[in-house]
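Chemist: Chain residues, written in single-letter form:
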Amino acid sequence: MYVATKGGEAAIDNTHALIAEERRGDPAVPELGVDQVRQQLGRAVDRVMTEGALYDPALAALAIKQAQGDLVEAIFLLRAFRTTLPRFGAAEPIDTGAMTIRRRISATFKDLPGGQVLGPTYDYTHRLLDFALAATGGAAAEAPEAAPTDASMPRVTDLLGAEGLLQPELPNPDQGEPFDLGREPMSFPANRDQRLQNLFRGDEGFLLALGYATQRGYGRNHPFAGEIRMGLVEVEFTPEELGFPIAIGEIEVTECQMINQFQGAKGLKPMFTRGYGLAFGQSERKTMGMALVDRALRAGELGEDRDHPPQDEEFVLSHSDNVEASGFVSHLKLPHYVDFQSELVMLRGMRADAERIHARQEAAE
Amino acid sequence: MGVLARAPADRLTALMAALGGKPATDWLRRPEIGAVMTRGRAGGTGDAFTLGEMTVTRCALRLKDHVGIVGHAYVQGRDVAKAEAAALADAMLQCEAYAGSVRAAVVEPLRAEEAARRLRARRKAGATKVDFFTMVRAEG
Numbered sequence: 001m002y003v004a005t006k007g008g009e010a011a012i013d014n015t016h017a018l019i020a021e022e023r024r025g026d027p028a029v030p031e032l033g034v035d036q037v038r039q040q041l042g043r044a045v046d047r048v049m050t051e052g053a054l055y056d057p058a059l060a061a062l063a064i065k066q067a068q069g070d071l072v073e074a075i076f077l078l079r080a081f082r083t084t085l086p087r088f089g090a091a092e093p094i095d096t097g098a099m100t101i102r103r104r105i106s107a108t109f110k111d112l113p114g115g116q117v118l119g120p121t122y123d124y125t126h127r128l129l130d131f132a133l134a135a136t137g138g139a140a141a142e143a144p145e146a147a148p149t150d151a152s153m154p155r156v157t158d159l160l161g162a163e164g165l166l167q168p169e170l171p172n173p174d175q176g177e178p179f180d181l182g183r184e185p186m187s188f189p190a191n192r193d194q195r196l197q198n199l200f201r202g203d204e205g206f207l208l209a210l211g212y213a214t215q216r217g218y219g220r221n222h223p224f225a226g227e228i229r230m231g232l233v234e235v236e237f238t239p240e241e242l243g244f245p246i247a248i249g250e251i252e253v254t255e256c257q258m259i260n261q262f263q264g265a266k267g268l269k270p271m272f273t274r275g276y277g278l279a280f281g282q283s284e285r286k287t288m289g290m291a292l293v294d295r296a297l298r299a300g301e302l303g304e305d306r307d308h309p310p311q312d313e314e315f316v317l318s319h320s321d322n323v324e325a326s327g328f329v330s331h332l333k334l335p336h337y338v339d340f341q342s343e344l345v346m347l348r349g350m351r352a353d354a355e356r357i358h359a360r361q362e363a364a365e
Numbered sequence: 001m002g003v004l005a006r007a008p009a010d011r012l013t014a015l016m017a018a019l020g021g022k023p024a025t026d027w028l029r030r031p032e033i034g035a036v037m038t039r040g041r042a043g044g045t046g047d048a049f050t051l052g053e054m055t056v057t058r059c060a061l062r063l064k065d066h067v068g069i070v071g072h073a074y075v076q077g078r079d080v081a082k083a084e085a086a087a088l089a090d091a092m093l094q095c096e097a098y099a100g101s102v103r104a105a106v107v108e109p110l111r112a113e114e115a116a117r118r119l120r121a122r123r124k125a126g127a128t129k130v131d132f133f134t135m136v137r138a139e140g
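If you read the sequences in order, they're chains D and W. Residue numbering for the first sequence follows this note's numbering, starting at 1 and increasing by one per position. Residue numbering for the second sequence follows this note's numbering, starting at 1 and increasing by one per position.
Hint data in this document are derived by calculation from the structure and do not stem from the laboratory. Every value quoted in this text rests on a predicted model; they were computed, and no experiment measured them. Be aware that one or more of the hints could be misleading.
[To be verified] If the Cβ cut is set under 10 Å, some of the chain D residues that face chain W in the computed set are: (1) Asp35; (2) Gln39; (3) Arg43; (4) Ala80; (5) Gly97; (6) Pro168; (7) Gly249; (8) Arg274; (9) Glu304.
Built from N, CA and C at the ideal position, the CB exists for glycine as well.
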């Protein structure tokens, strides 16, 4: 237990001044603009928006600047800010099938309608430090253009689904309002909508590690990257006063459809099953980890054994949120003086008892 | 509405500012910054699930000299001037006296710019499309 203490106000004011000074750094070096963060550190902005659960690149960039690049701290800042916004309502679900595609690859089909489009990816870079970037002032050359990609492309999962070899994903007409962790506490057993929301905002590192664990045998489910696509999707919203949906903007998202082997059980024919990953921006690693963990968490409904942590929804969903996790770990820094004093007294007592017993035994011998 | 909502804020406000003879307006709802919750579907096509919110600015205005015409705006982001320009354009588009000029001077240029932006992105993506050659299958 921690206790409230008084004092330290001057020290706290001064630490604020100190972080402000350190954030700015050497005044001889130009100050970092929020627009620079947004434009040139886009992958950090994407991660902060996803795990901060708020799509606003300018605010995410500000949070990153304020947190000096500490992304978990920036995510915390964005989460705190979003609670100050009035909510106008909920949008229609985005249609990723109608995405304006910038990247789309499949590891399961070489030839597919629309083709394999690499888009901007680090996959084929050599991971050698580029010292040319250490010099500033140059503009990058325009990327080449060629015949345009199709305006939209069918999902790989729809192609396989047509043969009945892949478990279909159909909306349940009785679903009602999807679960929202912003308004309801976590509850178990969790439905897939609750799990997917939790994973969407879950820590990328945590999901990557758990997904990796499934590949290494802790809940193996034989995944293939059926399709990864990234691009812009439109957001439609129905304002109460209008009563019909209107387009209010567009957001960039990444989607990963993982296709997994399945032997067939519980009256289901053998067919491929699916894990799903989705994130704001260009967040491919996150969506792959999410899709692996989503599939692992479906073990129960598919009649598979649940022997490993990635298949245990209480374990995964309770520990995926880095704002909660860092909050609980950080609370160890709060004053625990009284707790610790009582433990100290107890420990001294135990040691004194042990010494007395030891002395008595020695005297007896 | 979609074209107005997706347009870059500076373009929409500049085109609306350049438009002459705009009608007088009254606020029905002053610009307000808030959030709309976005949703996805499991597997892209299944049950809906909650993603995260997006910032949205809304406002509504009425044309003083045209009874019953209300312009609404719900636009992504926190740009109040953009929401105001979108609501005014929405109102003017419903009014015969202004619809033609707004369409010609604002909506059509924005639509063309958006189409050009998208085509350019698709051309750049198209340059990264993979052409496969026949290869010998690796063992294992």
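Chemist: A separate judgement is required for each hint: does it hold in the structure or not?
Modeler: How the hints compare with the structure:
Because the closest C-beta pair between Asp35 of chain D and chain W is about 13 Å apart, greater than 10 Å, the hint is violated. For Gln39 of chain D, the interface hint is violated, the least distance from its beta-carbon to any beta-carbon of chain W being 14 Å, above 10 Å. Taken as an interface hint, Arg43 of chain D does not check out: its beta carbon lies about 17 Å from the nearest beta carbon of chain W, beyond 10 Å. Annotation: interface hint on Ala80 of chain D violated; nearest CB of chain W at approximately 13 Å, more than 10 Å.
The interface hint given for Gly97 of chain D is met, as the beta carbon of that residue sits about 6 Å from the closest beta carbon of chain W, less than 10 Å. Given hint, Pro168 of chain D at the interface with chain W, holds; its Cβ is 8 Å from that chain's nearest Cβ, closer than 10 Å. At its closest, the beta carbon of Gly249 of chain D sits 3 Å from a beta carbon of chain W; the interface hint therefore holds under the 10 Å criterion. Because the smallest distance between the Cβ of Arg274 of chain D and any Cβ of chain W comes to about 5 Å, under 10 Å, the interface hint for this residue holds.
Among the interface hints, the one on Glu304 of chain D is violated; its C-beta lies about 18 Å from the nearest C-beta in chain W, farther than the 10 Å criterion.
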